[in-house]
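Protein chains: 2
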Amino acid sequence: MPETPLIEDRCRPLRGPQHRLDATQILALLKQLDGWEIDQERLHREFRFADYRSTMLFVNAVAWLAERENHHPDLEVGYSRVKVAYSTHDVGGLSHNDFICAAKIGALTSI
Amino acid sequence: MPETPLIEDRCRPLRGPQHRLDATQILALLKQLDGWEIDQERLHREFRFADYRSTMLFVNAVAWLAERENHHPDLEVGYSRVKVAYSTHDVGGLSHNDFICAAKIGALTSI
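The listed protein sequences correspond, in order, to chains A and B. Per this note's numbering, the first sequence starts with residue 1, numbered consecutively. Per this note's numbering, the second sequence starts with residue 1, numbered consecutively.
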């Protein structure tokens with residue numbers, strides 16, 4: 001049975017180290033994303049905008065998605081840039097949920 | 001002539017190293033703030049909230065103030081915390097504007 005594409009998938013409650021992805025799984029999922037990088041078991045990407053209002057509107061779109069999926073990234077917000085970083089505290093590393101949300105955030109900027 | 005209290009003051013365009021505050025000025029202004037700290041010429045404070053929606057509503061209040069004063073902090077946003085950090089790129093360090101905005105952000109949480 002083929003896996004659900006990340007963009008069509010939904011986050012599920014994941015708790016415990018059995019849901020922590022290993023390096024092989026992480027690299028396979030990373031190939032499905034555009035512009036995201038891994039650093040110290042955090043999946044991150046920087047987005048740039050023309051002005052502060054555009055930046056903050058993006059932050060709010062990310063927050064809406066975070067609430068809907070009940071999976072919340074760390075954000076670093078400057079005047080014209082937002083760094084979005086995902087990891088899953090409840091699994092002690094990266095989970096499938098991080099990649100689902102990253103795919104959806106990426107899609108926000110292309111829809 | 002007494003200085004305008006930070007909370008009643010407004011940011012003005014400041015450019016050039018002559019507007020960079022020295023250590024004595026910084027310490028005098030810091031005494032007028034509650035909960036803010038200085039680290040590597042950045043004025044910062046962490047705010048904590050009960051949930052993500054409260055966190056994001058605060059982020060938006062900060063953004064509104066940032067636009068009004070045309071002085072924009074760096075933000076680190078987690079599920080229940082926001083770190084607000086000010087410095088003034090155009091002066092190469094801390095300026096009076098950083099302290100004005102810090103005072104106003106602090107007031108947001110007490111009004």
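The hints are simulated quantities; they were obtained by calculation from the structure and are not laboratory data. Don't take each hint at face value.
Given that identical chains are not distinguished, each listed pair holds provided it fits within a single copy or across any two copies.
[To be verified] Dumping the calculated SDA-like pairs for lysine to any residue here, alpha-carbon to alpha-carbon at most 20 Å:
{"hint": "1", "residue 1": "83", "residue 2": "14"}
{"hint": "2", "residue 1": "31", "residue 2": "46"}
{"hint": "3", "residue 1": "31", "residue 2": "89"}
{"hint": "4", "residue 1": "31", "residue 2": "68"}
{"hint": "5", "residue 1": "31", "residue 2": "79"}
{"hint": "6", "residue 1": "31", "residue 2": "18"}
{"hint": "7", "residue 1": "83", "residue 2": "15"}
{"hint": "8", "residue 1": "83", "residue 2": "34"}
{"hint": "9", "residue 1": "31", "residue 2": "60"}
{"hint": "10", "residue 1": "31", "residue 2": "93"}
{"hint": "11", "residue 1": "83", "residue 2": "20"}
{"hint": "12", "residue 1": "83", "residue 2": "52"}
{"hint": "13", "residue 1": "83", "residue 2": "41"}
{"hint": "14", "residue 1": "83", "residue 2": "57"}
{"hint": "15", "residue 1": "83", "residue 2": "4"}
{"hint": "16", "residue 1": "83", "residue 2": "55"}
Original post:
How would you label the pair residue 83, residue 14 (within, between, both, or neither) given a Cα cut-off of 20 Å?
Top reply: neither (24 Å within a copy, 27 Å between copies)
**OP:** Could you figure out if residue 83 and residue 41 sit no more than 20 Å apart (CA to CA) within one copy, between two copies, both or neither?
**Re:** Result: close within a single copy only, 15 Å intra versus 22 Å inter.
Original post:
For the identical chains here, do residue 31 and residue 89 meet the 20 Å Cα criterion within one copy, between copies, both, or neither?
Top reply: neither (23 Å within a copy, 37 Å between copies)
**OP:** Could you figure out if residue 31 and residue 93 sit no more than 20 Å apart (CA to CA) within one copy, between two copies, both or neither?
**Re:** For residue 31 and residue 93, only the intra-copy Cα distance (18 Å) is at most 20 Å; the inter-copy one is 41 Å.
Original post:
Between the shortest in-copy and the shortest cross-copy C-alpha distance, which are at most 20 Å for residue 83 and residue 55: within, between, both, or neither?
Top reply: both (11 Å within a copy, 17 Å between copies)
Original post:
Between the shortest in-copy and the shortest cross-copy C-alpha distance, which are at most 20 Å for residue 31 and residue 60: within, between, both, or neither?
Top reply: neither (27 Å within a copy, 34 Å between copies)
**OP:** Can you give me the call for residue 31 and residue 46, within, between, both or neither, at a CA distance of at most 20 Å?
**Re:** within (17 Å within a copy, 36 Å between copies)
Original post:
How would you label the pair residue 83, residue 20 (within, between, both, or neither) given a Cα cut-off of 20 Å?
Top reply: neither (23 Å within a copy, 28 Å between copies)
Original post:
For residue 31 vs residue 79, is the C-alpha pair at or below 20 Å within one copy, between two copies, both, or neither?
Top reply: This pair counts as neither: shortest intra-copy Cα distance 30 Å, inter-copy 28 Å.
Original post:
Is it within, between, both or neither when you check residue 31 against residue 18 at 20 Å Cα-Cα?
Top reply: The answer is neither: 22 Å in one copy and 50 Å across copies each exceed 20 Å.
Subject >> residue 83 and residue 34: within-copy, between-copy, both or neither at 20 Å Cα >> reply: within (15 Å within a copy, 28 Å between copies)
Original post:
Can you tell me if residue 83 and residue 15 fall within 20 Å by alpha carbon in one copy, between copies, both or neither?
Top reply: neither (25 Å within a copy, 27 Å between copies)
Of the hints listed earlier, those the structure fails to meet are numbers 1, 3, 4, 5, 6, 7, 9, 11, 15, in rising order.
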